[in-house]
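Going line by line, the protein sequences match chains A and B.
Quick note on numbering: the first sequence equals residues 1 to 310 in the UniProt record's numbering.
Quick note on numbering: the second sequence equals residues 1 to 506 in the UniProt record's numbering.
Mixed in with the good hints, there may be bad ones.
Cβ pair distances, simulated, as ranges [to be verified]:
#	chain 1	residue 1	chain 2	residue 2	range
1	A	D132	B	E72	55 to 61 Å
2	A	F271	B	P15	53 to 59 Å
3	A	G116	B	R111	57 to 63 Å
4	A	R239	B	D458	43 to 49 Å
5	B	S323	A	L151	51 to 57 Å
6	A	L245	B	G314	53 to 59 Å
7	A	L245	B	T106	32 to 38 Å
8	A	R239	B	A319	35 to 41 Å
Just so you know, these hints were derived from the structure itself, not from any lab.
Don't be surprised by glycine CBs; every beta carbon is placed ideally from N, CA and C.
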Amino acid sequence: MDLSAIDPVILIASLMVASTPILLAATGELIVEKSGVLNLGVEGMMITGAICGFAASVQTGSPALGFLAAIIGGAALSMIFGLLTQVLMSNQVATGLALTLFGLGLSALIGQGYAGMKPPPTRPLDLGVLSDLPVIGKIVFSHDAMVYVSLALVALVWAFLRYTRAGLILRAVGESHEAAHALGYKVVRIRLMAIGFGGAMAGLGGAYLSLIRVPQWTEGMTAGAGWIALALVVFASWRPWRLLLGAYLFGGITVLQLNLQAAGVAVPAEFLSATPYLVTILVLVLMSADRSRAALHAPADLGKTFHASS
Amino acid sequence: MTALLTVEGLTKAYPGVVANDHVSFEIAEGEVHALLGENGAGKSTLVKMIYGLVQPDSGRMTLRAAPYAPPEPSAARRAGVAMVFQHFSLFDALSVAENIALGMETPPPMRRLAGQIREVSETYGLPLNPDRLVGDLSAGERQRVEIIRCLLQDPRVLIMDEPTSVLTPQEVDILFATLRKLAAEGTAILYISHKLEEIRTLCDRATVLRLGRVVESCNPREKTAAELAEMMVGAKLATPSRAGSAPGAPVLEVSGLSLPSPNPFGTSLRDISFTVRAGEILGIGGVAGNGQDELLDAISGEAPVAPDTVRLHGQAIGALGPSLRRRIAVLAAPEERLGHAAAPDMSLTENAMLTAAIRQGLATRGFLKWPAARAFAEKVIDTFDVRTPGPGNAARSLSGGNLQKFVIGREVLQRPEVLVVNQPTWGVDASAAAAIRQSLLDLAEAGTAVVVISQDLDELMEISDRFAALNEGRLSAPRPAKGLSLEEIGLMMGGAHGMEVAHVAE
Chain A
1 MDLSAIDPVI LIASLMVAST PILLAATGEL IVEKSGVLNL GVEGMMITGA ICGFAASVQT
61 GSPALGFLAA IIGGAALSMI FGLLTQVLMS NQVATGLALT LFGLGLSALI GQGYAGMKPP
121 PTRPLDLGVL SDLPVIGKIV FSHDAMVYVS LALVALVWAF LRYTRAGLIL RAVGESHEAA
181 HALGYKVVRI RLMAIGFGGA MAGLGGAYLS LIRVPQWTEG MTAGAGWIAL ALVVFASWRP
241 WRLLLGAYLF GGITVLQLNL QAAGVAVPAE FLSATPYLVT ILVLVLMSAD RSRAALHAPA
301 DLGKTFHASS
Chain B
1 MTALLTVEGL TKAYPGVVAN DHVSFEIAEG EVHALLGENG AGKSTLVKMI YGLVQPDSGR
61 MTLRAAPYAP PEPSAARRAG VAMVFQHFSL FDALSVAENI ALGMETPPPM RRLAGQIREV
121 SETYGLPLNP DRLVGDLSAG ERQRVEIIRC LLQDPRVLIM DEPTSVLTPQ EVDILFATLR
181 KLAAEGTAIL YISHKLEEIR TLCDRATVLR LGRVVESCNP REKTAAELAE MMVGAKLATP
241 SRAGSAPGAP VLEVSGLSLP SPNPFGTSLR DISFTVRAGE ILGIGGVAGN GQDELLDAIS
301 GEAPVAPDTV RLHGQAIGAL GPSLRRRIAV LAAPEERLGH AAAPDMSLTE NAMLTAAIRQ
361 GLATRGFLKW PAARAFAEKV IDTFDVRTPG PGNAARSLSG GNLQKFVIGR EVLQRPEVLV
421 VNQPTWGVDA SAAAAIRQSL LDLAEAGTAV VVISQDLDEL MEISDRFAAL NEGRLSAPRP
481 AKGLSLEEIG LMMGGAHGME VAHVAE
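With these hints in hand, go ahead and build the complete structure from the sequences.
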């Protein structure tokens, strides 16, 4: 075993890249859950975004168009979920699970013929002098644009929820759909918009995997990233900045695990892959043990079906 | 007086029921107008149409002589119609200011809004801190949030749906002072309540609805409460009565009972002590959310407590679960009919099986005796006059009053030694409520120790031997119910919770 083979600078830099897909998907799911909807189909929307983005950028030669296609693909898939759960009032848990299975199958179907291809490369942003700074330059200023976009989106979502009226209405709908309806807010419409945003973000996260992180197309390539994103929202107790922290923590574990294996440390890889879920379960237990304040950020009407009775 | 709001021939039908049938009335500026009627008479549907939540099938409304047909609540709010809801339209996890902003059309920035809230709340004597979380407020304070939300929009018409059901008598006085001040400023108030004495004190006119139709319009001050009740029901009402006998030996003893609340906005029970004797009814009053649900859970066994704190005939039973307590005849009927007292989608037979299996011997060695359960359900239906096609019907299909009769009857027929009921007549029409109260009185007459938890003070005064009040998880010392004045009761319930009388004089 040779731990000196692990370079902390490269480790942290690659941690940011490894975390970006789950950060994007989790930011979307945070908005969805804040509106009171539990969409378990993140994995399906991610992989659909991955193949839509991959196919579009291979066809057009433009990564930007690829990301756009991923947004549309993820959002379109989420609208199926929206239609089923909000309009036809199906069970959210079952529908979300079905959406994951459907997304995995659909992406495999679209992806036939794309295996083994190379997508057009996305270059890191040229930030001039900043990138040449020692250590900091390598860690913070040597990434592609999407890393910075994901950070900006976290900030935007935070500001949206905290400072805007639309954000307040979204939280209100997730907190009590009955009360929001009584005040005249369109619960179903607001939730559909949130679901669409969640789908778009999951698609974006998926495309980041297939276009930048890996970059190629393999069936089932998200390999549980969507589930980690779901776990992350709970871990962060529905707060955007904690989401960022959690994503980098979970991403860090993934990267560390690869490095440790390369360095020959005898920690079973399976154990490290299970860590995010173990941490999430721990957080859930702590939350339900401290009944006073911790549960406060959870949307009270999460996962409940809304039916306008009047 | 000029009519501010007129309603003409408003009709709304739902599948199977006409909720409003050609309803007409009018309200003048500065008038406090009562809308009277039993549950299901169509009061809620009517005000929902005025507030734009429901669209009428036919009929028309005018506001200040202009046609008025709000397609949604925000249109109604823009036109100057505001509403205080019966079940608060508030969000627990949001702050007071955020809640108020959600109910306004064009709220100012948060900091200015906070200032306005302070200002208005002081003018009307309803102190309120804009930064507090609504989930931490008492019921009276929550209602203040709703009222101030309306006041900030300078309403012309203010609709209040059952506003006093969650207030102590002192808080009611303050609310009435606020409403009179508003009326004096020219606001028309549409006031829904079934508390007839309140309507006689507050309202200038009353419109009585029965089965969706206007049956009477009168000045409530010229009528007695009994006359108003008869207009609502359309028949004479029998008052529950009992022979009155001396209570026997202590049956249920609760001492030093404390129980932390299981949810963040619940109330923890603190050091509760009382004794109930055989044949006695102990009435426990208090504003909702002061520990009523938790107290029922502690006595029924849903929330196990320290063994010594609950005793039956001197035996410690605090640690026993609900089934073991049923075995020794400690029974309960919780407040929430659908989902707590009864499983909504199961039949009445199945629901009878659920609580009566042990005491009625409806199960042997894990196998269920369905014919016996069905017979028991039928007995409940017959004895308590539950209106339903048969025991095979789902609990959900029954009306509130009928299901409540079934739920209470199911426990009463199991010959309990101790029966705890929470809100036995909540949302139940007057005749069913009278029947339920009578059955509780009869049960006590037969020697059962009965604990009635309720927010309806008139009900408690009518049936209890002794009265105690829950306030923030603490129980006041029980006192004989006979001769207690409304003011004394109000003080037992915690007085006005820090409110002050509005500065009525202009």
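Structure versus earlier hints - violations, ascending order: Of the numbered hints given earlier, the structure breaks none, since each of them holds.
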